[in-house]
Amino acid sequence: MWGFYFNQLVDSLPFFFKGLWVTVSISGLSLIAGTVIGFIWGIIRAGKGGFFSFLIGAWVDIIRGTPFLVQIFIVFFIFPEIGIQLEAFPAAVIALTNLAACFICEIVAGGIQSVPSGQKEAATASGLSYWQQLKYIILPQSMQIILPPLVGQYVLLIKDSSVVSAIGVIDVTRAGWLTVQRVPEGVMVFGLVGLLYFIICYPLIILSNRLEKKFST
Amino acid sequence: MLEAFNFRVLFEYMPLYMKCFMATLWLSGISLAGAIFVGIIASAMRLGRFKILSILAGMYIEIIRSTPLLAQLYFMYFGLPSLGILVSEEVTGITALTLNSGAYMAEIIRAGIQSIPKGQVEAGISSGLNYFQRMRHIILPQALGVTIQPLLGQSIVLVKDSSLLSLISIMELTRAGQVLTSERFMPAEGYLATAVFYLVIYYMLKTITNWSQKKLIFREAGR
Numbered sequence: 001m002w003g004f005y006f007n008q009l010v011d012s013l014p015f016f017f018k019g020l021w022v023t024v025s026i027s028g029l030s031l032i033a034g035t036v037i038g039f040i041w042g043i044i045r046a047g048k049g050g051f052f053s054f055l056i057g058a059w060v061d062i063i064r065g066t067p068f069l070v071q072i073f074i075v076f077f078i079f080p081e082i083g084i085q086l087e088a089f090p091a092a093v094i095a096l097t098n099l100a101a102c103f104i105c106e107i108v109a110g111g112i113q114s115v116p117s118g119q120k121e122a123a124t125a126s127g128l129s130y131w132q133q134l135k136y137i138i139l140p141q142s143m144q145i146i147l148p149p150l151v152g153q154y155v156l157l158i159k160d161s162s163v164v165s166a167i168g169v170i171d172v173t174r175a176g177w178l179t180v181q182r183v184p185e186g187v188m189v190f191g192l193v194g195l196l197y198f199i200i201c202y203p204l205i206i207l208s209n210r211l212e213k214k215f216s217t
Numbered sequence: 001m002l003e004a005f006n007f008r009v010l011f012e013y014m015p016l017y018m019k020c021f022m023a024t025l026w027l028s029g030i031s032l033a034g035a036i037f038v039g040i041i042a043s044a045m046r047l048g049r050f051k052i053l054s055i056l057a058g059m060y061i062e063i064i065r066s067t068p069l070l071a072q073l074y075f076m077y078f079g080l081p082s083l084g085i086l087v088s089e090e091v092t093g094i095t096a097l098t099l100n101s102g103a104y105m106a107e108i109i110r111a112g113i114q115s116i117p118k119g120q121v122e123a124g125i126s127s128g129l130n131y132f133q134r135m136r137h138i139i140l141p142q143a144l145g146v147t148i149q150p151l152l153g154q155s156i157v158l159v160k161d162s163s164l165l166s167l168i169s170i171m172e173l174t175r176a177g178q179v180l181t182s183e184r185f186m187p188a189e190g191y192l193a194t195a196v197f198y199l200v201i202y203y204m205l206k207t208i209t210n211w212s213q214k215k216l217i218f219r220e221a222g223r
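Sequence order for the protein chains is A and B. In terms of the UniProt record's numbering, the first sequence has 12 at position 12, counting the first letter as 1, and numbering is strictly consecutive. In terms of the UniProt record's numbering, the second sequence has 220 at position 220, counting the first letter as 1, and numbering is strictly consecutive.
Bound-form chain A, shown alone (with noise of 0.2 angstroms):
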C-alpha cells in the first residue's frame, strides 16, 4: 500500500521543489526588506524618544501581540476594501516583511542599548555627529549582541512563511495541503514538507548556536 503511495509521491517531487522555490522566495525577499527596514526602525526606536520612537514601539507591540494568520488576512483582505487589488504573493510578502521587521526592529534596539552609555559619551566628546557614532562605534560594537538572535529569528520568519499558504500561495506547505488531497498518506506527504523545511532551517539553527557561542566570551 505505501509503495503505491510512495511511487505517486515521487511522481509530486517536482510540485513540491516549486513549492520550495515560492518558500525559499517569499522568505528571501522578506528577510532583506524586513532586515533593512528593521534597522532603520530599531536605530530611531534606541534614539531619544519622540513621536516616532512611541509610533514604532506602538506597531511593534500591535504586531508582536496578534497571530500572523490574523496579520496576513487583514493585508490580503483590507487592501481591496480600500480599492487596491492585492494578489496572494505580494500580500504574503507584505505581511511577512512587516512582521520581520518589527521582531528585528526590537533585536536592534535592544542591541543597541545594551552599547554601554559611556561609549556614547566618549563619542559625543570627541565631536563625533550621531551618525558618525552610530557608524563607527555603536553598531559595530552592537553587532555581536545583535547577530545571534538574528539569524534565530531568521529561522522563526522562514517558518511563519509557512502560514500564508492559508491565502492560497503555494509554498510548500501549500504544496503538502494539495498533495495529501490526492495521496491519502499523511504521514509521508508532510514528513516530505518537515524535511524540506528542516534542510532550510536547521542549518541556520547551527549558524544561530555558534554565533552565540563565539560572541558570548
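Derived by calculation from the structure, the hints in this document are not laboratory data. You may find that some hints are simply not true.
The calculated label-pair distances, taken between Cβ atoms and stated as ranges, are [as the list claims (entries may be wrong)]:
(1) A:I206 x B:V87: 30 to 36 angstroms
(2) A:F4 x B:L216: 56 to 62 angstroms
(3) B:I55 x A:K135: 42 to 48 angstroms
Computed footprint of chain B on chain A; a stretch qualifies when at least three of its residues, placed anywhere within it, have a C-beta under 8 angstroms from a C-beta of chain B [stated by the list, open to error]:
(4) 64 to 74
(5) 77 to 90
(6) 159 to 171
(7) 176 to 184
(8) 194 to 200
Result set (DMTMM-like, lysine to aspartate or glutamate): computed pairs, CA atoms no more than 25 angstroms apart in a straight line [to be verified]:
(9) A:K214 x B:E107
(10) A:K214 x B:E62
(11) B:K206 x A:D61
(12) B:K206 x A:E106
(13) B:K19 x B:E90
(14) A:K213 x B:E62
(15) A:K135 x A:E121
(16) A:K213 x B:E107
(17) B:K118 x A:E212
(18) B:K215 x A:D61
In this text, all values refer to a predicted model and were calculated from it rather than measured experimentally. Each residue gets a CB set at the ideal place from its N, CA and C atoms; glycine is no exception.
Please arrange chain B on chain A, whose structure you already have, making use of the hints.
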C-alpha cells in the same frame, strides 16, 4: 476609510466572539500546561545520565524547532488517520501545540538549569544531599527565577500559535473572523475584531511578565 467598515455587525456577532475567545483561552491553557510538562520531561532527559534518552530528547527538540508548526499540525491532522488513529480536531490541535511548544519550553528550562553554577551542585553533593534534594532545594528554585520570563514569552507565542488551529476547522478566535467572512463577507471587520481580542490576551500576559520581572528584581535586590 473607516466609514467603509460596518462595525455594527460586530455587536451582532459579539456572543460568537466571546465564545471563541473562551475557546482560545482554554485551548491555549491546556496546551500550555501540557507544554510545560513535556518541557520538564524533555529537558530532564536531555540533561540526564542516559545517553539514549538524551539523544532522543535532542532529536525531538531539533526536529520541532526546524519545522513550522503548521506543517506539524497538518502532519498530525492528515497523518494520524492514515495511521489508524481517529481523534477529534481539538485533540489533534492541542497535541500539536503541546508538542511544538514543549520543545521550546525544554530549551528554556535546560538553559535555566544550566545557568546554575556547577559549584552549587558540588556544594550540594558534599553536603550529602541526594539528586532530588539538590534539585528541589538548590537548582529548581534558582532556575525558576531565570526561566519565568522566557516561559511567559513562550506562552504569548503559544496563544498566538493557537490561531493556526482555525485551519483544521476548530472554532476559536481566528475562526470567528472566518465566519464573518463567509456569512457576511466582512473580512476586514471580522479579522480586526479578532486581532483586538488577541491584543487583550497579549497585554494581560505582558502585564504579568512585567510584574513578575519587577518582583524578581526586587527579590534579587533584597538578597
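Given coverage of the segment 64 to 74 of chain A by chain B, tested with a Cβ cutoff of 8 angstroms and a minimum of 3 residues: Our answer is that it holds, as 10 residues pass the Cβ test (under 8 angstroms) against chain B, meeting three.
Check of the segment 194 to 200 of chain A against chain B for coverage (Cβ-Cβ below 8 angstroms, three residues minimum): holds (count 3)
Are 3 or more residues of the segment 159 to 171 of chain A near chain B, judged by a Cβ distance of less than 8 angstroms? Result for this restraint: holds, n = 7.
Taken at face value, is the distance from the CA of E107 (chain B) to the CA of K213 (chain A) at most 25 angstroms? Within the cut-off at roughly 16 angstroms; holds.
Honestly, do I206 (chain A) and V87 (chain B) meet the 30 to 36 angstroms range at C-beta? Since the Cβ atoms of I206 (chain A) and V87 (chain B) sit about 35 angstroms apart, the hinted range of 30 to 36 angstroms holds.
Restraint check for K213 (chain A) with E62 (chain B), where alpha carbons must lie at most 25 angstroms apart: 18 angstroms, holds
Restraint status (C-alpha distance of K214 (chain A) to E107 (chain B) at most 25 angstroms): With a Cα-Cα distance of about 19 angstroms, the restraint between K214 (chain A) and E107 (chain B) holds, given a limit of 25 angstroms.
Given hint D61 (chain A) paired with K215 (chain B) - CA-CA distance at most 25 angstroms: Within the cut-off at roughly 23 angstroms; holds.
Sort out whether E62 (chain B) lies within 25 angstroms of K214 (chain A), counting only the CA atoms. 20 angstroms, holds
At least three residues with a C-beta closer than 8 angstroms to a C-beta of chain B: is that true for the segment 77 to 90 of chain A? Since 4 is at least three, the answer is holds.
Would the hint linking K118 (chain B) and E212 (chain A) be met if the CA-CA limit is 25 angstroms? 21 angstroms, holds
Are the Cα atoms of K206 (chain B) and E106 (chain A) separated by 25 angstroms or less? Between K206 (chain B) and E106 (chain A) the Cα gap is close to 15 angstroms, so the pair holds against 25 angstroms.
Every hint, counting from the list given before, is met by this structure.
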